[in-house]
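In numbering that gives the first Met the number 0, the protein residues as written are 0 to 535.
In short, the hints are calculated from the structure, not lab data.
Heads up, a few of these hints could be off.
Unchecked claim - The calculated label-pair distances, taken between Cβ atoms and stated as ranges, are:
#1 Thr343 x Arg155: 29 to 37 Å
#2 Cys317 x Leu448: 26 to 34 Å
#3 Pro337 x Ala128: 39 to 47 Å
#4 Leu265 x Ser75: 54 to 62 Å
#5 Ile369 x Pro313: 51 to 59 Å
#6 Val123 x Thr304: 43 to 51 Å
#7 Thr304 x Ala372: 38 to 46 Å
#8 Pro313 x Pro462: 52 to 60 Å
Backbone N, C-alpha and C define an ideal beta-carbon position, used for all residues, glycine too.
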Amino acid sequence: MIIVDERSGPLSPGAAPARMRASAESSPAGRRGTGRLAILVSTGTILFLIPALWNGHPFLFPDSEHYFIIGRSILSGLARLGGSAAAGSGGAVMADPAASSDAAGGLAAIAGGRSPVYALLLYVLSALASVWWIIVLQSVLVSWLTVTFLDLVWERPRPGAVLAGLAALALLTSAGAFSGFLMPDVFAATFVLAALLLVFDTAASRGKILAYAGVVALSLVMHATIVLLAGSALVLIALCRLVPFADRHVRRASLLWIGGALILGLAFNAAYLRLAERVSGHPVGTPPYLMARVIADGPGRLLLTETCTPSDRPFAACAFAGRHFVDHNDFLWGSGSPGPNFSTAPAALRTALGAEEGRFVRAAILHHPIAQAAASTRNALRQLVSVDMTEFVIGTHLLVDDAEFRTAAILKTIPKLDRCLAQPGVCPPEAALVPTLQGAFGVNLLSCLAAMAVTALYWALRPRLGADTRARLDRLMLIGTGICLLLLVNAVACGALSGPHDRYQARLAWLSALFMLALAVRAGGPGEPQPARKPV
0 MIIVDERSGP LSPGAAPARM RASAESSPAG RRGTGRLAIL VSTGTILFLI
50 PALWNGHPFL FPDSEHYFII GRSILSGLAR LGGSAAAGSG GAVMADPAAS
100 SDAAGGLAAI AGGRSPVYAL LLYVLSALAS VWWIIVLQSV LVSWLTVTFL
150 DLVWERPRPG AVLAGLAALA LLTSAGAFSG FLMPDVFAAT FVLAALLLVF
200 DTAASRGKIL AYAGVVALSL VMHATIVLLA GSALVLIALC RLVPFADRHV
250 RRASLLWIGG ALILGLAFNA AYLRLAERVS GHPVGTPPYL MARVIADGPG
300 RLLLTETCTP SDRPFAACAF AGRHFVDHND FLWGSGSPGP NFSTAPAALR
350 TALGAEEGRF VRAAILHHPI AQAAASTRNA LRQLVSVDMT EFVIGTHLLV
400 DDAEFRTAAI LKTIPKLDRC LAQPGVCPPE AALVPTLQGA FGVNLLSCLA
450 AMAVTALYWA LRPRLGADTR ARLDRLMLIG TGICLLLLVN AVACGALSGP
500 HDRYQARLAW LSALFMLALA VRAGGPGEPQ PARKPV
């Protein structure tokens, strides 16, 4: 098809949209739109920084130290690799993890479970510039995605309405706390928001599409559980494509964009592990979370009792036969009772445990399938409603007051903590933040339950609703349903496969508050125009 521009004649199919977008962006209205976006994103960034500013420093967790020293190892390894390459010899991409500060023990065995991208980002920004820069970056990303999302569902609302929404999210939900957290947890939410925009912002320019896809790809290399969210998102998009009224709201190529980002993320992680192991000479593993899970749930412990004898030890895990672990963390880190555990085991045993994890987990499930199904269901349900703020309050104090963690290298990048390190116990919990954070996480839970109830009710009643109501709400309700389903996937992935932790669900729960906020305004608005199709 030939598109004709009345001023300049025939154009190719790709040239017209490009010229129209360029003209719109260079027009006074386009420049005003860019200025509006910059002001809203900048203000939103400040709002999302408030919890950390009030706290006096970014929120920390013991795992923050792991990311910091892994980032240091990668950077020093890259420097040595560059030097040895110039000399014509091989070098180490990753320094010996065991030689680094190792607060929890056996860092070499857990480095594979830590994102090298986030580790390098954390170390470079905090050690070479300021620890605040990484949470500024996280806050900018959250602010931009939230502003863009509200512009989409509210159809370019007044700036005051957007700022009110940003303030509510930053101060009344966990969005601000996670933006200021020195952990990659916030990238689960950025993945979901970027994926939703990639799927439902069907009128987006090519530049915006590339930006959404870039955030999706970046988020996917930040944590293994985000890969599971991406796989589930692909299934949900495919289902939408099968339903006519839903398909018209979905970008046709969104499956390709997200699928491509997923493939790139998996390829990057595999290449990193292989290269790090080959050139460093050290096995870079992941903690045996699934093994810990089935042992804590009971089937794994029963399997050890049934199969491990003095004359027959079919599993390396037989070293723990007869040992009662309080929970999965007790098996991994010894956090619940004294005695041997994964982190204190010899390096050879840790390697053997990782190698046999799949075989052990399959055997435990086959021996006791009903017990494991019941335990996994309980863990997933518990994770679904676990949105408390405990880990935010205790994270810094685990690092500062615990003898194992007081030498953590990351603490030296935070000037305010010098007094805490010099005098253990003098820094009380952030008492001023406790009521605020408790309220924020309470809003998370209420909004999750409300979002699930509202979306279920809408689809049950939709056949009885008028055409105008359906036109006004269908796209937003599809978005809300996607958020709710991904919250369920997250609960299963984190609770049943690893173990229920407050922050695992809270990292996404604030998105349900964002949806309820969008719905409260959108429900009284005009009907949506027919979405424009984008072939890319």
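Each hint, compared with the structure:
The hinted range of 29 to 37 Å is not satisfied by Thr343 and Arg155, whose Cβ atoms lie roughly 57 Å apart. Here the CB-CB span from Cys317 to Leu448 is close to 44 Å, at odds with the stated 26 to 34 Å. With their beta carbons about 41 Å apart, Pro337 and Ala128 fall inside the hinted range of 39 to 47 Å. Checked against the hint of 54 to 62 Å, the pair Leu265 and Ser75 fails, with Cβ atoms roughly 27 Å apart.
At about 23 Å, the beta-carbon gap between Ile369 and Pro313 misses the expected band of 51 to 59 Å. For the pair Val123 and Thr304, the supplied restraint of 43 to 51 Å holds, since their beta-carbon distance comes to about 48 Å. Hint check: Thr304 to Ala372, Cβ distance near 20 Å, so the stated range 38 to 46 Å is violated. The given range of 52 to 60 Å is respected by Pro313 and Pro462, whose C-beta atoms sit roughly 57 Å from each other.
Checked against the numbered hints above, the structure breaks hints 1, 2, 4, 5, 7 and satisfies the rest.
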